[in-house]
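Trainee: If you want the building blocks of each chain, they are given just below.
2 protein chains.
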Amino acid sequence: MKEVKVSIFGFGTVGRALVEIVSENPEVVGVKIKVESITDRSGTVWGDFDPLEVKEVKENAGRISALGDYEVYSFKPKELIEEVKPDILVDVSSWDGAFSMYEVALKERVSVVTSNKPPIAEHYDKLRELAEESKAGVYFESTVMAGTPIIGLLRENLLGENIEEILAVLNASTTFILTRMESGKSFEEAFEEAKSLGVLEEDPSKDIDGIDAFYKAKILHWVAYGEPPEKTERVGIREVEDAKNVRLVARVSKGEISVKPRKLEENSPLLVSGVYNAAIIRTNNLGELVLKGKGGGGRVTASGVFTDIVKAALKFPSPR
Amino acid sequence: MKEVKVSIFGFGTVGRALVEIVSENPEVVGVKIKVESITDRSGTVWGDFDPLEVKEVKENAGRISALGDYEVYSFKPKELIEEVKPDILVDVSSWDGAFSMYEVALKERVSVVTSNKPPIAEHYDKLRELAEESKAGVYFESTVMAGTPIIGLLRENLLGENIEEILAVLNASTTFILTRMESGKSFEEAFEEAKSLGVLEEDPSKDIDGIDAFYKAKILHWVAYGEPPEKTERVGIREVEDAKNVRLVARVSKGEISVKPRKLEENSPLLVSGVYNAAIIRTNNLGELVLKGKGGGGRVTASGVFTDIVKAALKFPSPR
Chain A
0 MKEVKVSIFG FGTVGRALVE IVSENPEVVG VKIKVESITD RSGTVWGDFD
50 PLEVKEVKEN AGRISALGDY EVYSFKPKEL IEEVKPDILV DVSSWDGAFS
100 MYEVALKERV SVVTSNKPPI AEHYDKLREL AEESKAGVYF ESTVMAGTPI
150 IGLLRENLLG ENIEEILAVL NASTTFILTR MESGKSFEEA FEEAKSLGVL
200 EEDPSKDIDG IDAFYKAKIL HWVAYGEPPE KTERVGIREV EDAKNVRLVA
250 RVSKGEISVK PRKLEENSPL LVSGVYNAAI IRTNNLGELV LKGKGGGGRV
300 TASGVFTDIV KAALKFPSPR
Chain B
0 MKEVKVSIFG FGTVGRALVE IVSENPEVVG VKIKVESITD RSGTVWGDFD
50 PLEVKEVKEN AGRISALGDY EVYSFKPKEL IEEVKPDILV DVSSWDGAFS
100 MYEVALKERV SVVTSNKPPI AEHYDKLREL AEESKAGVYF ESTVMAGTPI
150 IGLLRENLLG ENIEEILAVL NASTTFILTR MESGKSFEEA FEEAKSLGVL
200 EEDPSKDIDG IDAFYKAKIL HWVAYGEPPE KTERVGIREV EDAKNVRLVA
250 RVSKGEISVK PRKLEENSPL LVSGVYNAAI IRTNNLGELV LKGKGGGGRV
300 TASGVFTDIV KAALKFPSPR
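Chains as they are written, first to last, in numbering that gives the first Met the number 0: chain A, 0 to 319; chain B, 0 to 319.
Think of the hints as simulated: they come from the structure by calculation, not from any bench. Just so you know, these numbers come straight off a predicted model, no measurement behind them. Positions of the beta carbon are idealized from the N, C-alpha and C atoms, including for glycine. Any given hint could be a false lead.
Unchecked claim - Just the calculated beta-carbon pair ranges, DEER-fashion:
hint, chain 1, residue 1, chain 2, residue 2, range
1, B, LYS33, A, ASP47, 49 to 57 Å
2, A, ASN283, B, GLU264, 29 to 37 Å
3, A, ASP202, B, GLY225, 38 to 46 Å
As the list claims (entries may be wrong) - Computed cross-link-like contacts, DSSO-like style, restricted to lysine-lysine with a CA-CA straight-line distance of at most 27 Å:
hint, chain 1, residue 1, chain 2, residue 2
4, A, LYS314, B, LYS106
5, A, LYS125, B, LYS314
6, B, LYS4, A, LYS134
7, A, LYS134, B, LYS314
8, A, LYS194, A, LYS262
9, B, LYS125, A, LYS1
Stated by the list, open to error - Sample of chain B residues facing chain A (criterion: CB under 10 Å; computed from the structure):
hint, residue
10, ALA16
11, VAL28
12, TYR72
13, PHE74
14, PRO148
15, LEU199
16, ASP202
Only chain A is shown next, with the shape it has when bound in the complex (with noise of 0.2 Å):
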């Protein structure tokens, strides 16, 4: 058995549905998780706590600051690193700076396991690097499609593989618009909709405009060929006046990117609703894989967070 402590930074709903599955999951395959501290924006806690306790607090005050029992600390992220030596950093805030952090944590062996985009489709082949001269790991399942493993089923499978394309619907929000102007709604109503119901995220624009998307495929080049695309492109979903089979669509092939709407064939596997996901892969020998599965929501993307702390524990080799 092998006990593994772990760092929790952000303690939103992704956080919290983390520490429920660790608490459901108190060993698997021989690795047992202790949540060593939980950062949020009011502080640090630290030491020895009970995660579902801290997890009650922060749903009824809004801030783990308010715990009464337990020390909270006010550590910089580098401090935290330094002070706590957990063995693995689990970023799953959406703190866009959060590469400064992983630089500090892979330096000090620390593996990073992150649901957090921006750092990882901006430097990944810095992070490789840092990870490779420090023997720990970094590891992101749940950036694309949540906990439905398609980082894994890329970076892990398919070795023989020349990715000749990649087609996927990475962005639920733009799909539940989609599929309201579907059926008959304008984009405004169907915008302002989304945005009632919370569906869309704090910046919408990261949704409509598809650079939550673009992210992913950023993400998506870099493990399908080990560098960052030259050609980019990226449309919204604004303009979009007939929605009939619309999705947005991300495109990855080598040395490009595009997310845009496309009109998918009526049996598109593309042609998701809800809160699903899909990729279609396209490779020499394998000739078409499908993958479809959920793509957001707490537990979905704890899920692959919490996969990714075992295989970080497990010392799983990274091969892309």
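Fit chain B to the given chain A structure using the hints.
Mentor: What follows is chain B alone, placed relative to chain A:
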């Protein structure tokens, strides 16, 4: 760069496609594969030879013992391991009794990669145990859905999930017959057509009576639950009268497997045709996950074997 020596056991369609893929990928993710020996029913070629030349001789003369330029050995399987001393034994034969060879390999710390179903279906517990003792590994991606990575998905991902149910179409020959019946043929006519096109196994009962799909379901049960099923059911397609939307479906849940013809809904992802296989995996957090891809063919199967060789070379952990 890490070089691994592999012994290929069996040199039919899959073995020959594997030799092609290896020669097209001389080095992948830091792993170089050296084909150290190739064995067919006629003998073993070992040492310094050109695998593509052996392939050509096999295709022209039907046996590798026809090779003029190289010595051909008559090793017993056990001697093969002890004499050649490969790093990895690659079984792409259809030898039912291969388990005894795997035992010898694992005891000698030789990892096993196989596309051969019965030894895994019948002896997975014993093989895992031996692998654990010797720190070698057992990899078997291509036993189910060929190179479409359902084994990698279940074995190395979804580690925090409870697998509630798997529903899958895992045998393309029965799909061929059933789709022919859907377009008006009788079972007998469709069966004869399949036979004449070479779609069926040498012993057609393995397809028609669900034996092939049953082995695969059993392997899925092993990787989903770590134990063999207690309750099993197997019904072939001989008695199907109305084939409309019917496929031979394997169902796997904790303690139970069944293989039988099922009428599917019009829009079911399991309603595949041609060589496609498909699986729906239901879990507690992810809901429904769909994986669809080709389930057979030389290169498709060899691709999964290739990935497994790389995993064995990198000492990939096997959580399940």
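Trainee: Next, verify each hint and record whether it holds.
Mentor: Status of each hint after checking the structure:
1. At roughly 52 Å, the beta-carbon separation of B/LYS33 and A/ASP47 lies within the given 49 to 57 Å, and the hint holds.
2. Range check, A/ASN283 to B/GLU264: Cβ separation about 33 Å, and the 29 to 37 Å hint holds.
3. In this structure the supplied range 38 to 46 Å holds for A/ASP202 paired with B/GLY225, their Cβ-Cβ distance being about 44 Å.
4. In summary, the hint linking A/LYS314 to B/LYS106 is supported, as the alpha carbons are separated by about 24 Å, within the 27 Å threshold.
5. As the CA atoms of A/LYS125 and B/LYS314 are separated by approximately 25 Å, the hinted pair is consistent with the 27 Å bound.
6. A distance of roughly 25 Å separates the Cα atoms of B/LYS4 and A/LYS134; the hinted pair therefore holds under the 27 Å criterion.
7. Annotation: proposed proximity of A/LYS134 to B/LYS314 holds, straight-line Cα distance about 15 Å (limit 27 Å).
8. With a CA separation close to 24 Å, the supplied pair A/LYS194 and A/LYS262 stays within the 27 Å bound.
9. A threshold of 27 Å between alpha carbons decides the hint, and for B/LYS125 with A/LYS1 the separation of about 23 Å falls inside it, so the pair holds.
10. For B/ALA16, the interface hint holds, the least distance from its beta-carbon to any beta-carbon of chain A being 8 Å, beneath 10 Å.
11. Evaluation of the B/VAL28 hint against chain A yields a held restraint, the C-beta minimum of about 4 Å falling below 10 Å.
12. Evaluation of the B/TYR72 hint against chain A yields a violated restraint, the C-beta minimum of about 28 Å exceeding 10 Å.
13. For B/PHE74, the shortest C-beta to C-beta distance to chain A is roughly 27 Å, which exceeds 10 Å, and the interface hint is violated.
14. Interface hint status for B/PRO148: upheld, as the beta-carbon distance to the closest one in chain A is roughly 4 Å, under 10 Å.
15. Look at B/LEU199: its Cβ only gets to about 22 Å from chain A, farther than 10 Å, so that hint breaks.
16. Checking B/ASP202 against chain A by beta carbon gives a least distance of about 27 Å; that is not within 10 Å, so the hint is violated.
Hint violations for this structure: numbers 12, 13, 15, 16, all remaining hints satisfied.
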